[in-house]
Structure formats: C-alpha cells, structure tokens
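Peer 1: Each chain, letter by letter, is given below.
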Amino acid sequence: MARIIVVTSGKGGVGKTTTSAAIAMGLAKKGHKTAVIDFDVGLRNLDLIMGCERRVVYDFVNVINGEASLNQALIRDKNCNLLYILPASQTRDKDALSQEGVGKILDELKKDFKYIVCDSPAGIEKGAHLAMYFADDAFIVTNPEVSSVRDSDRMLGILSSKSRRAEQNEEPIKEFLLLSRYSPDRVKLGEMLSVDDVQEILSLHLLGVIPESKSVLTASNSGIPVILDEKSDAGQAYADIVARYLGEDRPHRFIDEKKGLFGKLFGSK
Amino acid sequence: MSIDTQQNAYHSPVLEFKSSTFSVPVLVLASNDVIIIEQQLQEKIHLAPEFFKNSPLVFDLQDLNKNDLDIDITEFTQTIRALGLLPIGIRGGTAQQNQQALELGIPVHSGHSVSASSATQKQSTPPEPEPQVVAAISTLITHPVRSGQRIYALGDLVILAQVSAGAEILAEGNIHVYGSLRGRALAGVQGNTKARIFCSDLQAELISIAGNYKISEDLNGAVPNQPVQIYLQDHTLVIKDI
Ligand SMILES: Nc1ncnc2c1ncn2[C@@H]1O[C@H](COP(=O)(O)OP(=O)(O)OP(=O)(O)O)[C@@H](O)[C@H]1O
Ligand SMILES: [Mg+2]
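Going down the list, the sequences are from chains A and B. Each residue of the first sequence is one higher than the one before, starting from 1 at the first, in my numbering. Each residue of the second sequence is one higher than the one before, starting from 270 at the first, in my numbering.
Take the hints with a grain of salt, since some may be wrong.
What the hints assert, rightly or not - 30 Å max Cα-Cα, derived DSS-like pairs, lysine-lysine: (1) A:Lys114 with A:Lys188; (2) B:Lys313 with A:Lys162; (3) A:Lys104 with B:Lys335; (4) A:Lys33 with A:Lys114; (5) A:Lys110 with A:Lys174; (6) B:Lys463 with A:Lys126; (7) A:Lys114 with A:Lys174; (8) A:Lys104 with A:Lys29; (9) A:Lys126 with A:Lys162; (10) A:Lys174 with A:Lys104; (11) A:Lys29 with A:Lys78; (12) B:Lys322 with A:Lys174; (13) A:Lys110 with A:Lys30; (14) A:Lys174 with A:Lys33; (15) B:Lys313 with A:Lys126; (16) A:Lys78 with A:Lys110; (17) A:Lys231 with A:Lys111; (18) B:Lys322 with A:Lys162.
Claimed, not checked - Facing chain A, a subset of chain B residues (Cβ under 8 Å, in silico): (19) Thr343; (20) Ser416; (21) Gln418; (22) Gly435.
To be verified - Stretch by stretch, here's where chain A covers chain B in the computed footprint (C-beta under 8 Å, at least three residues): (23) 440-446; (24) 469-482.
Hint data in this document are derived by calculation from the structure and do not stem from the laboratory. Ideal placement from N, C-alpha and C gives every residue a C-beta, glycine not left out.
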C-alpha cells in the first residue's frame, strides 16, 4: 500500500523543504518508487533544492485544472530514476488548489508510487491544510526553540482533528518528530531547547535529530538533496531518519557535543 | 414477546440478549419554548460539534410537566433531529406525550430523572424561571490536547494525556488530567462551585472553578509532577496535594 507522508511544521523556515527533498531521495535510493509534491503554491522552492527548476513545464495546478496529465507534469529526478517531483506553480495563488483536486491526484499517484511526500507550506492556512489532509504519516519538523515547538504542537492538534483520517474516524495519522537545526553547543549554553525539553513538551516519537550544518546550504545551492552528501553530518542524519522510518533500529546521533558523552537522551537532564 | 424454542432446537443460537448499561446524554428541559431550546442547544453543539454529531439523546420532561408546561413532541423531535441529534427515548412525559413519542418510534422510559443532571445552577432567589438546557455526562479523552484545541464537556472531563500550553479544557463538572496540565483548565463553567480540578502535574496557564481563577503567575508555588486537587473555599481557589 502506498503511504502519504506530509512534512509539516506550522512555523516557516524550519527545514520542511530541505527535509522533503532529503527523505524523498532517501526512500527512492532504498528502492521505493517515490513522488515528492510541492504544496507551496506561489513560492516554488522544492524544484530548486532538487535541482530541476529548468525542467519544469507543467505544475501541480495545471494537473488539478486538467491542463496537463500527471505524467506530463511529473519530473524524473536526475540522480535517481525512482524519484519524481511534482512542482508547484509560481504564478498561481493559493486558491488554485482544491481538496477535491488534490485528493484525485493523490489517488492517482497511489496506484503507481510507494511513497508520496508532501512538502507543506508554512502556516496553518489552506495550503498547509491540504498538504496534511490526506496524509497517513506526518513528519513534524521542529527547531529547538519555543515558538517552533509551540507551532508544532498546534499543527499536531490540527492533524488529530482536521485530517481525513480524523474526520472519517480512521486510525489516526502516525506522527514523528524531526528536530532540525540542532546545535548541541548552543543547547549547552542555554540558547536552545534540548532534545529532552522538546520531547517533554510535545511527547512525540523522535525519528531523528538533524544538526545545524553548512552542508545544507551547499547542497541546496547546487540543487542536490543533502542526503546524497554522504560525508556530511546532515546527510547522515537524514539517512538515519529514512532507515528508522523503514523500520531499522539505529541509535540517535548528533545530540551531544562533537566528542561528548553518548546517552544524554537516556541520562538525566 | 414469545420465542419459539422448538424451532431453534437443532441450530446453534444466532442471537443472545444481554443487558448492558450505556451512558447517554439526557436533555432535561426547563422551558417549553422550542425556539429558545434550539438556540441554546445550538450554542452547546457549537462548543463540541464532534461530541454531538449523531449523538443519541433522551428527553426528560419531568420538570416541564411539574410546572404544567406542555411541549409538542412531534415539533420538538423534528427540531432535535434537524440539529443532528438522534432521540432514543423520552421519560417523565404525560400520557399524550408518550403516545406522540411512540408514534415517532421513540421508546418511553419509565423512572424518574436523576437530580444529578440539574445539580449545576441552584440560585437562592431565582429571578425568573430561566430557560435552561442541562445534560450530564462524562467525557474521556485519551490523546493529547494540543495548542489551539478546545474541549468542552457537559459533565466531568477526564484526560489521560497531556494538555499543551495554548490548549483549553472546559467542563461543567470536574476535570481530571493524568498528564501534564500546561494549558487552561476551567471547571464548573456553568457556575458549579463544587466542581474540582485534579491533576498529576500542574503547570497550567490558568485554572478556574466557577469563574474564580488563578493565572500561572499565581501558581508559582505549585510543585511540578506533584498530584494536586484544586477546589473552591470561600470564593478562593485552594491547591492541595493529594
Ligand atoms: N540542518 C540545517 N542546517 C543549516 N541550515 C538549514 C538546515 N535545515 C534548513 N536550513 C536552512 O534553513 C532555511 C529554510 O529551510 P527550508 O526552506 O527547508 O525550510 P522550510 O520549512 O521549507 O521553509 P518555508 O516555511 O519557507 O517553506 C534554508 O536556508 C535552509 O538552507
Ligand atoms: Mg518550504
């Protein structure tokens, strides 16, 4: 069965698009046919991070409006032939998406793909609502700061009450925490919340911690998802996340200072 | 009702009668003005739409009939159904009301209404018979109540998970929270000064009983991870360890 994953946060700029690109690539690299959809209509960002911006002919809105078929709009990734990108429109406004239209496209994708990753726009308005509405799994991207955690909590409330699964009384969306832009040094200085702090507030299953890393910017400037930079810490963090999501048991990393003691997660605060 | 046991003697039974107890909201009417009832009911439903969606309902007409206030059951049932509720019983009705109910396929329950359902507002000098719609029930929530979410319970509210900062829980009766209480908790919101709040970890933004409240600043003394109860004594909130 295909699974729809929404990458969401509430707050903007926390790393949703970076994460969507990385995990979609990770899943495809593991041999699963994967599509990644940009729900950020009007901004268009995902195609830049995936390095396919010059190959965009049709977009999500064209398909919804019946101006292009799904096959015409899907762009095959240049690094992995099991990965396809459905870009957002830069020229339309947010109202171009409808729940019915999105549902139809997702149903069609489900026939052909194993994973469908939905890159949500920021906020809790229509775009974010549509991105999460049909989801089976939710990756909640959170930065270790109070406002981001609060927005994530808000988004979790929306997932559990306003999604299709909630409305139809089905098994709830599975929720996973991805703590991004984490910097153990700054946690130590008291400038950031720790993993424990965030988990205490959200009480959510931690899928992984992504460290603050220069490699992310380098990767996005060159249009290659950071997960393909296997030497980078952020790339490895995303590889761990994909493996854990697929059921592998991997210890958490990037939580302590570079050579620090392991086990902060398990020890006391 | 007669059951022919002979006929089924060679078959294994395909049915069985069991006695079960269900918790069903009882709508106790204190006015026969269907328009006002509809208005107030709509407000209640608005507070907890999910709870009321297709909810079964029993009408209690005892108070009405005590005060010789007649109500047209057919019209009233129509109104209730239009609000998305499913009437499944009537009690305390007159012979004529019971007959009307039966014609609409609504069973008649004997027995008297339990006073707990109207334990809420008992003013010493009721100025006028205020029309009131009161129902008693307890609500169980097993998932976290997140920021931005709001839960309203007509009776007691029991929460087995955390209540996040920015969330709000309200109950006409008591509130129990078996997780961290970081949001706002308001018990006895219809004026029940006997209502209490029980919680295992008090870090609330606000607690209130029957409109008497404390905000988090005033709660500085409260120790986290310490089970407490909160009740009203001489119009002041008292927080006590359990
Ligand atoms: N782990 C990281 N380390 C360093 N920088 C990061 C990391 N993750 C994301 N960034 C940077 O943060 C910025 C925002 O990232 P991204 O676009 O992925 O966020 P977003 O949540 O999709 O934003 P929006 O809400 O605008 O859609 C980008 O400049 C990105 O390079
Ligand atoms: Mg984005």
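Peer 1: So which hints don't hold here, by number, going up?
Peer 2: 1, 3, 6, 17, 19, 23, 24
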